[in-house]
Structures are given as C-alpha cells and as structure tokens.
Amino acid sequence: MQIDFHYYATYCSAYLAGYSHEDCLAICYSAQFTDCCTRTLLSTIGGPAEAATTQLQLEMMDARTDILGLQDITRIWASFHFLPRDLKADPGKGSRIYKAKYRLICGPNGDLLVKTVNLAKDKSLQAAGIAMHVLADTWAHQYFAGTPSQVINNTDYWFFELLPAEASGDSADSGDSKENGDAKKSFTERRITFRHNPTGKDDLDKGIYTGTVYQLEENSVMSLGHGRAGHLPDYSFMRYKYLPAWGKYEEVIKDNPSDYYKAFCQMVYAMRYLRGDYSAFETGRYDTEKVSPYETEIKEIPCADWKAFGEKLSGCEIPDFDANRYCAEYKQASEDDKDDTFLGSYIDAALAQKTMVTNQIFQSDNLLAGYSVEYSESRFLGIRDFIHYVEHKRKKENA
Amino acid sequence: MSKFQRFQNIVIGLSMLISAAILILLPEGGCLYIMLFLAASLILRGISELIYYFTMARYMVGGKLILFIGAVFFDFGFFTLTLSDESKLFVLAYLLGFHAFAGLVNVLRALEAKRYKSTSWRINMAQGVASILTVLICMIFSHNETLLVYCYCAGMIYSAALRIYSVFKRTAVVYIQ
Numbered sequence: 015m016q017i018d019f020h021y022y023a024t025y026c027s028a029y030l031a032g033y034s035h036e037d038c039l040a041i042c043y044s045a046q047f048t049d050c051c052t053r054t055l056l057s058t059i060g061g062p063a064e065a066a067t068t069q070l071q072l073e074m075m076d077a078r079t080d081i082l083g084l085q086d087i088t089r090i091w092a093s094f095h096f097l098p099r100d101l102k103a104d105p106g107k108g109s110r111i112y113k114a115k116y117r118l119i120c121g122p123n124g125d126l127l128v129k130t131v132n133l134a135k136d137k138s139l140q141a142a143g144i145a146m147h148v149l150a151d152t153w154a155h156q157y158f159a160g161t162p163s164q165v166i167n168n169t170d171y172w173f174f175e176l177l178p179a180e181a182s183g184d185s186a187d188s189g190d191s192k193e194n195g196d197a198k199k200s201f202t203e204r205r206i207t208f209r210h211n212p213t214g215k216d217d218l219d220k221g222i223y224t225g226t227v228y229q230l231e232e233n234s235v236m237s238l239g240h241g242r243a244g245h246l247p248d249y250s251f252m253r254y255k256y257l258p259a260w261g262k263y264e265e266v267i268k269d270n271p272s273d274y275y276k277a278f279c280q281m282v283y284a285m286r287y288l289r290g291d292y293s294a295f296e297t298g299r300y301d302t303e304k305v306s307p308y309e310t311e312i313k314e315i316p317c318a319d320w321k322a323f324g325e326k327l328s329g330c331e332i333p334d335f336d337a338n339r340y341c342a343e344y345k346q347a348s349e350d351d352k353d354d355t356f357l358g359s360y361i362d363a364a365l366a367q368k369t370m371v372t373n374q375i376f377q378s379d380n381l382l383a384g385y386s387v388e389y390s391e392s393r394f395l396g397i398r399d400f401i402h403y404v405e406h407k408r409k410k411e412n413a
Numbered sequence: 005m006s007k008f009q010r011f012q013n014i015v016i017g018l019s020m021l022i023s024a025a026i027l028i029l030l031p032e033g034g035c036l037y038i039m040l041f042l043a044a045s046l047i048l049r050g051i052s053e054l055i056y057y058f059t060m061a062r063y064m065v066g067g068k069l070i071l072f073i074g075a076v077f078f079d080f081g082f083f084t085l086t087l088s089d090e091s092k093l094f095v096l097a098y099l100l101g102f103h104a105f106a107g108l109v110n111v112l113r114a115l116e117a118k119r120y121k122s123t124s125w126r127i128n129m130a131q132g133v134a135s136i137l138t139v140l141i142c143m144i145f146s147h148n149e150t151l152l153v154y155c156y157c158a159g160m161i162y163s164a165a166l167r168i169y170s171v172f173k174r175t176a177v178v179y180i181q
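Read top to bottom, the protein sequences are chains F and R.
Mapping of the first sequence onto my numbering: residues 15 to 413, in sequence order.
Mapping of the second sequence onto my numbering: residues 5 to 181, in sequence order.
Don't read these hints as lab results, they were simulated from the structure.
Check the hints yourself; a few may be wrong.
[Claimed, not checked] Some chain R residues flagged as far from chain F (calculated, every beta-carbon gap over 10 Å): (1) LEU48; (2) MET64; (3) ALA97; (4) GLY107.
[What the hints assert, rightly or not] A partial selection of chain F residues facing chain R, derived with a Cβ cut-off under 10 Å: (5) GLN71; (6) ASP76; (7) LYS255; (8) PRO258; (9) GLY261.
[To be verified] Capping the alpha-carbon separation at 25 Å, the derived lysine-lysine pairs in DSS-like fashion look like this: (10) F:LYS345 x F:LYS409; (11) R:LYS68 x F:LYS262; (12) F:LYS255 x R:LYS68; (13) F:LYS129 x F:LYS409; (14) F:LYS113 x R:LYS7; (15) F:LYS313 x F:LYS137; (16) R:LYS118 x F:LYS215; (17) R:LYS68 x F:LYS113; (18) R:LYS68 x F:LYS107.
Quick reminder that beta carbons are idealized off the backbone N, C-alpha and C, glycines included.
Excised from the complex, chain F in its bound form (with noise of 0.2 Å):
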C-alpha cells in the first residue's frame, strides 16, 4: 500500500472508530512512519536499529544473504509487511525449509493479526497506527512472504492485468486480450510487461511496470515480498491475476479495490476494539455499519483521493506527510527524556511487535526470522538494542 492509504485512509477510518483529530494524526503518522523508519534514519536520530520497520533499496543490497542476514530481513518484512496468515500450514509437500517458507505467506485474518491488535490495546497511539499498518498490508500484500525466497515470491510471464471492458479501449486492447472467468463481461485482460531499471516510472497506460529482476539464487533479496510482481498489489486500484511461485499452477486473481475496501472497514472495526467499544477482537469482522453510509463515496473515490475525503470527515486540515516532523524533538531530548518523545513511543512499539511476531515465529518451529529468548534478569542473551526497550518496559510495569 502506498501513502494514500496508509496515511489518509487511516486517518478516514480512525475518524470513523471515534478519534478525535489530534489522534487520527498520531495513528496515521505512525501507519506511514513504518514505511519510513529505516536503520539509516535512526541512525541519523540516534535511535536503536533494531527498530527499524522497513528497508531502503540500498540497505537492502547491502544485506548480506547468511542466515543472520535473512533473519534480520525476515524479522523486519514478516513483522510490519508481510505478517504471515498461518503459521501451522501444510503445504502438503516439500522439504522442511520449503514448509517454513510456506508458512510464512501472508494474508488478512490470520492469528498473528489478533496478536498484532491485541499488543496495541492499551498501549500509545503509536503502537494503534503501526497495527494499522500491518493490518492493510495482510490485504495488499497477501500471497507474498515477507522473507527473501524465489520458490514462494517469484512470478513469471503469466502475468495479466484486468481491466474494466468500457475502459479498455483498442490501444489498451493486446492480442492477448480475452474474457475471463467471473468477469466475463466486465473486464478484458492484458500481458503485463515487467522491466527492471528501478528509477523507471511504472506506464499505466501501456501495463509496463517496474518489478525486480530474476534471480537464480533461493534467498535473493531480489525475491523478497512482491517486489517480483512490482507495485501492482500496493495500487489500490489494480485488479490482476497470475501464478503464484507455490500456487500449483493454479491462477490467482487479486482485485484490491475490493480487498482495499474490507481493510478499511477492518481498520475501523479493529480501533474500535482498541477504544473499548468491543470486547474482543476477532477475524472476518468488518465494521461495515460505520462505513457503510460513505461506501459508494469511498468506491468512487477516483484513485482514492483519501485527503479529501478525510477532511470532510473530520472537518479539519491534514497536513502532508512529513517523515521528519518529529525527529528533531527526538534528536533533541536528553537520554532519560527519549522514551517520553513520540518517536519513542514509536520505538518502543516497533520493537514490541517485532518481538512478538518472531517469537510466534520461532515457537512455530520456524528459525527463518531467528531465535526468540525468554528474558532473564541474570543474563543478558539477547541482542543489545533490546536492553533498553525490556528495562523500559520493567520500569513501566513497576511503575
């Protein structure tokens, strides 16, 4: 997903759960801000590495492909991006590697996603918006794994975009074009074109997008999530099908302007359960009551103009996304003041979710995101930047 959801359609639905304005802003900040938190930008603030949520290109080629490499990008994409669906799924054939692997697709509804919901009750708005974030990204990013691996993310020429008949002139119109299945009337297909040169801007109008380049090699970063399949699940517009790596030869078809819609309605009903309004939070619900009065204008939202529709929600200006806004005040604060900054309420539950979702890995008999330690008083086993956030937390809890 890209900005537009995770920053304005955030702010829409957090609006709609019961926010006020002031707070719609911190969850949507944080919801985009793991996007941005990288190791090179807390490197610039001081933060801890360990929580950064996200990579950038180039850190990305600098990761080595060892095992502790692919545990580290492992526990960075599985845990904000890619948060598997099940972690005891049975692929019902190949190598124990090959089923750790497996086990790691994501999808919408899984049991990690009511942990993730449940570990930002009670806790900072920042922590809700980082829910947030991997709550839409379980929709946009389903049938990819949030580890590097060819055999589950690679995609190959079979790879068609489905486009809506009356928009679908004789330009759009290839040779390839044919009816198709369920859509049978309403939509004609096109060969999507991927290249490889990745400052090249995707060209809608032709279907040639910008995916990463095929590589021999298993645990290539170059297989990491979709970036195979380029940006075509984060459009929220886009409807396509094609083999999934691990599918058995069997299509898939993803229409995100449908599942983009249910993540919506999910993301309302999920900080609802975080204001209290319910008293649980459980998979396959959709607070459809909410946002039903605004669904035609929510599905008729060209390209989804999120802004708008946020403003005239709530009445209220959203100023643009500015990754930067708070790390000053971070930068700036003594060391013991740290924690109290919105950054450090962002930190604290970054790492809170990254440690979860790797020990709910690694009790799952699956070491691909690394080995989870219980905490102990007497010895440190653990890795350093984790200091700080178990005494924060002791400190918190004895207070």
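Take the given structure of chain F and dock chain R to it, following the hints.
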C-alpha cells in the same frame, strides 16, 4: 544462529584462513591449486542446485529451470578441471572479473549511500577502491603468479574473517510475556 551453524562457520572460516596461509607461504604452483578449488566450487554449486531442485524448486512454477542450471554448473566444473595447463590465465580471469564487478558495485552503492547521508558509504567506498586497486595490480603484474596468488588469498582471508565475526555476533530477539 544455532550451535551447529556457529560451529560450521568457525570450521569453514578457519579452513579458509589455513588454506590462505599455506598458499601465501608456498605460492609456487598456487594457481593450479586455486583452479582446482574453483572447479570444486563449481561442481559443489551444481550439486547444491540439484539438491535445491529436488527439495524445493520442483514445487515452484517454472522450477525445472533450476534442474538445467544445476546440470550446467556440474558440467562446467568438470570442464574447468581439464584446463589445468592454463591455470594462471584462468585465475587471472577470475580475479579480474570478480574484483572489477565487486568494485564497481561497491562504489555505486557508496555514492547512493552518501546521497542518503548514511554513514555506511565510507566502508563501501573503501571496499570498492580496494577491489579496483586489486584489478589494477592484477593487470600490471599479470605475469607474476605469486602476486596473483596473494591477491586471491587476501579475498579469502577477508571472507573468513567475516564468517568468524558473524559467529560471535548476538542474534537472538528478546521476548517478555
């Protein structure tokens, strides 16, 4: 990292260091040993690709490609073994190709990192410059077998050091209920 992986990394790292030390102490005929080592690497790569195919890639859409690639690597490894008469030329080509590519990529990464104001650009630039210097030294002294062996050993020692360093790095993520 499991205890076995740590043990494996230490054994491989130490083996690389010992091999490099032997080659540095006895550089005569070193190119032949390096070539044999490279041929063995290709054969092992072919075998690992075949294992990868039978354990994972056969379940992937289009995975048969891996089977063909494994067979090609395996075959190329044996072909390399037949080139023992031209071992110096082979090692020279390997060093030039590997370091030229690595140097270029490192310099480009360093420039990009600098643009993002990341502190990692210096180490990237240093690695890139070192690789390019290695290429220049290999080209200028291409007739000197001993120097080619030293260049190869330097790369091997660097890889071994990284491998051993990773063993002692803290890797577990702490979780409190």
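Against the structure, the hints come out as follows:
With a cut of 10 Å on Cβ distances, LEU48 of chain R stays outside the contact zone with chain F, its closest approach being about 15 Å. Not every Cβ of chain F is farther than 10 Å from the Cβ of MET64 of chain R; the closest lies at roughly 4 Å, contradicting the non-interface assignment. Taking the minimum C-beta to C-beta distance to chain F, about 21 Å, the non-interface status of ALA97 of chain R holds against the 10 Å cut. No beta-carbon of chain F comes within 10 Å of the beta-carbon of GLY107 of chain R; the shortest separation is about 15 Å.
Hint status for GLN71 of chain F: holds, given a least beta-carbon distance of 8 Å to chain R, under 10 Å. Look at ASP76 of chain F: its Cβ gets to within about 6 Å of chain R, closer than 10 Å, so that hint holds up. A cut of 10 Å between beta carbons decides the hint on LYS255 of chain F: the least distance to chain R is about 13 Å, and the hint is violated. With a least beta-carbon distance of about 7 Å to chain R, the hint placing PRO258 of chain F at the interface is held under the 10 Å criterion.
Proximity of GLY261 of chain F to chain R holds as hinted, the smallest CB-CB distance being about 7 Å (cut-off 10 Å). Only pairs whose Cα atoms come within 25 Å are accepted, and LYS345 of chain F paired with LYS409 of chain F is accepted, the gap being roughly 22 Å. Note on LYS68 of chain R and LYS262 of chain F: the hinted pairing holds, with a Cα-Cα distance of about 13 Å set against a maximum of 25 Å. With a C-alpha separation of about 22 Å, the suggested pairing of LYS255 of chain F with LYS68 of chain R holds against the 25 Å cut-off.
A distance of roughly 23 Å separates the Cα atoms of LYS129 of chain F and LYS409 of chain F; the hinted pair therefore holds under the 25 Å criterion. Proposed proximity of LYS113 of chain F and LYS7 of chain R is supported: the alpha carbons are some 22 Å apart, at most 25 Å. For the given pair, LYS313 of chain F sits about 32 Å from LYS137 of chain F by alpha-carbon distance, which is inconsistent with the 25 Å threshold. Among the hinted pairs, LYS118 of chain R with LYS215 of chain F is consistent with the structure: their alpha-carbon atoms are about 23 Å apart, no more than 25 Å.
This hinted pair checks out: LYS68 of chain R and LYS113 of chain F have alpha carbons roughly 19 Å apart, not beyond 25 Å. Of the supplied pair hints, the one linking LYS68 of chain R and LYS107 of chain F holds, its CA atoms being roughly 16 Å apart against a limit of 25 Å.
The structure fails to meet hints 2, 7, 15 from the earlier list, while all remaining hints are met.
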